[in-house]
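Protein chains in written order, with our numbering: chain A, 1 to 754; chain B, 1 to 81.
The reader is advised that the hints may include incorrect statements.
[To be verified] Derived pair list, reagent style DSS-like, types lysine-lysine, alpha-carbon separation capped at 25 Å:
1. B/Lys46 - A/Lys165
2. A/Lys406 - A/Lys312
3. B/Lys64 - B/Lys46
4. A/Lys147 - B/Lys5
5. A/Lys391 - A/Lys350
6. B/Lys5 - A/Lys406
7. B/Lys46 - A/Lys350
[What the hints assert, rightly or not] Here are a few chain A residues that sit away from chain B, every Cβ distance over 10 Å (derived from the structure):
8. Tyr133
9. Asp314
10. Gly414
11. Gln627
[As the list claims (entries may be wrong)] Here chain A is said to cover these stretches of chain B; the calculated rule only asks that three of the stretch's residues, wherever they fall, bring their Cβ under 8 Å from a Cβ of chain A:
12. 5-17
13. 28-35
14. 70-76
If you're looking for bench data, these hints aren't it; they were derived computationally from the structure.
Computed from a prediction, not measured in an experiment: that's the story for all the values here.
Don't be surprised by glycine CBs; every beta carbon is placed ideally from N, CA and C.
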Amino acid sequence: MTYDTQFTGQTFKSVGTRPLRPDGIDKVTGRARYGADYNLPGQLTGLILRSPHAHARIKKIDTRKAEKLKGVKAVITSTDLPDLTDGDSELFDILDNCMARKKVFYDGHAVAAVAAIDAKTARAALKLIKVDYQVLSHVTDVDEATKPKAPLLHRNCFTEGIEPKPAKASNIASRSEFGHGDVEVGFEQADVVVERNFKTEQTHQGYIEPHACVASFGPDGSAEMWVCTQGHFTFRQQCAALLGMPLSKLRVTSTEIGGGFGGKTHIWAEPVALALSRKANRPVKLVMSREEVFRASGPTSATSIDIKIGVKKDGTITAADAVLRYSNGPYPGVWAMLGAMTSFACYDLKNVRTVGLEVLVNRPKTTAYRAPSAPMAAFAVESMVDELADKIGMDPVAFRIKNAAKEGTKSSYGPVYGPIGIGPTLEAARKHPHMKAKLGKNQGRGMACGFWFNFGGQTCADLNIAVDGSVTLTVGTIDVGGARASLALVAAEELGIDYDDVKAVVGDTASLGHNDMTDGSRGTFSSSMAAIMAARNAIEELKNRAAKMWEIPVKNVIWEDGHAKAKGRGKKYAKLAPLSLADIAAETPNTGGPIAGYSELVADGAGVSFATHICDVEVDPETGRTQVVRYTVIQDAGKAVHPTYVEGQYQGGAAQGIGWALNEEYIYGADGRLQNPGFLDYRIPVCSDLPMIDTQILEIPNPNHPYGVRGVGETSIVPPLAAIANAVSDAVDVRMTHVPMSAPRILKALKTEH
Amino acid sequence: MVEVKLWGALHPATGGVSTIEIEATTIRELLRKLQEQYPDTAPFVKNGIAVSIDGVLYRDSWEKKLPPSAEIYLLPRIVGG
């Protein structure tokens, strides 16, 4: 179907209001059903046996005793998930991560699984599985892994992106480079050049709901699965490929989701649950424990980033250079590449170069975490931008405004920018009262900018009008942050009806065509576009029906303010009062049956996104403990469909960034085992750690969306590490270069520098 | 004829050049002819390429028109969280 996605500048009645979300009451009263809340008759409990070693060869797995235990219905290893990937290395890595084959690559790597009548029996069965390992030397540190004598994860890993191809294998899976100009010339033009190494530790997305699913394989070879996921269509695609089944035979229903932030865009236990169910011929529920979530599901990269920036005394940046080493876990990804693309994207630079190195280490597979890879790069760059502003005696906001990218700037990752929002966010920061507020004793202020790409993708929506005039909007993107409310607002706006007359639901994989995941800040951007087009499609049919009711040609019917109106000359037309959607719906049994609108589209043109954050902290010089005392987020939303949930996204990103900046880190022992796989020792922020996070929504319409909407979900996590680091550095007068800035790390920095 | 700029990883696949010219009016035509003229680019196209048109990224829209005066930039496909 054809559609026009251009922004028209219309005024809104529903969009921009703040009604209650439809899932709110269920969530606060416990009625909402998450992954672990689904149950089926005859259901078994699935559990996974995980490697205690960081790196080992699997010599033999003996499952015989476990299989004989009373109550055990299935035991599987990699032989029950054979390699059907047909040379697709990316898919093979997913398979190998879900169930190890020849080697285990990290503490927590799955090696076998059982399905039993209850959890106690399943746990007893796991203990009866004997795995004979040949333990290998390991490496968990990103810098250590790049050294020539580091233990090799894969003997066939020859760095891609280097010409000629290296003759020696290494743990650097690939090298990517971006930039333009000549950085050496640029550094020669500079009055001040600063060069530093910055480090960030590995963090987990920290979603409160662990991975959970129920899989039910039928004897006819078809299956159903209920799962907490950010993308049930993609989960279906990957699980079906790994299990060798047609897509149409696997029906996946997404449950409510207790946080994802990128971590639920990857499959972990789902193929295992399906394989267990297939073997046992019974439904299998598999819920990961918190320890398993930490040890075996996707953290973000640990990084080591070298930055060099040159600047003239007048504040002009003459050159910027970065080498970014990102840990990938055992399988190659694109994490350093994304860091390299985003690092200097906020600035207008004549000479810039970024090099990304994907480093393989004996840690869990790295996965996406909200604007993946951008926060670490921004931490390094924005810390140094602050330091340079200080060295030349320039206000940090003015320094950034002077060098900020604008329309026509050649971005550091390549293309020339169209209209962009970095300038307005900086101007808003400059004028914000927060920048002028007085600081107390031991307090410091920092600010930082952030960039993220945003994208759209494949999207469908169905819109059904019931005979009473109420509307059900079915979408295929998971609601991670209030999208159902936003999408109902959009449908109400387009149809000209009340928000309360629209119910938005997330359909399963059998009820809609393929939808890409809710990632890349695309959920509301893409599905609102689909909802608008589905509503416009339905309006065409509503006009047809009105024409039938009036017995006039459809060309004489227009749709305006939620009503069909007859446009024509003569007495007949003058008597025809407008028909509401409900009037037309009531007559549908006699005018042609039900009315539905639909749309299938690729929502592209999401547009890049920028944010500026301001942060005040107070550091206790005796203990090194840091408290964030004030925090402000300024970001462009295009058009805020439901401003409360836009603010929620801004606040959520900042809150996660505060945890990442101050406390959160994976700690590995010398044995390569994770030392803190739980929320007691891996400390995410709680309410008492956070101030009220103030937000300022800028609305600069996206020209490629009918309502001007942009994605807002990810950019808000990009600036916090740097904003907080700049604030802490201001408070203690020591440049902080290692995240998290935990109390011991701050005390050490104070002792070393003062 | 549109001028197409390439991100660094594609340069070896196009004989070391960073900019090429291709007779194409849509993204589909661009990607097809890119692989015809430079077969070593095929694995990159298979893994996913994003096309930036005047600074706006397009990942999937084959039918998207390429204005003759627009800046066309090929980039790796982005993933999100």
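**Study point:** Hints not upheld, ascending by number
**Key:** 4, 7, 10, 13
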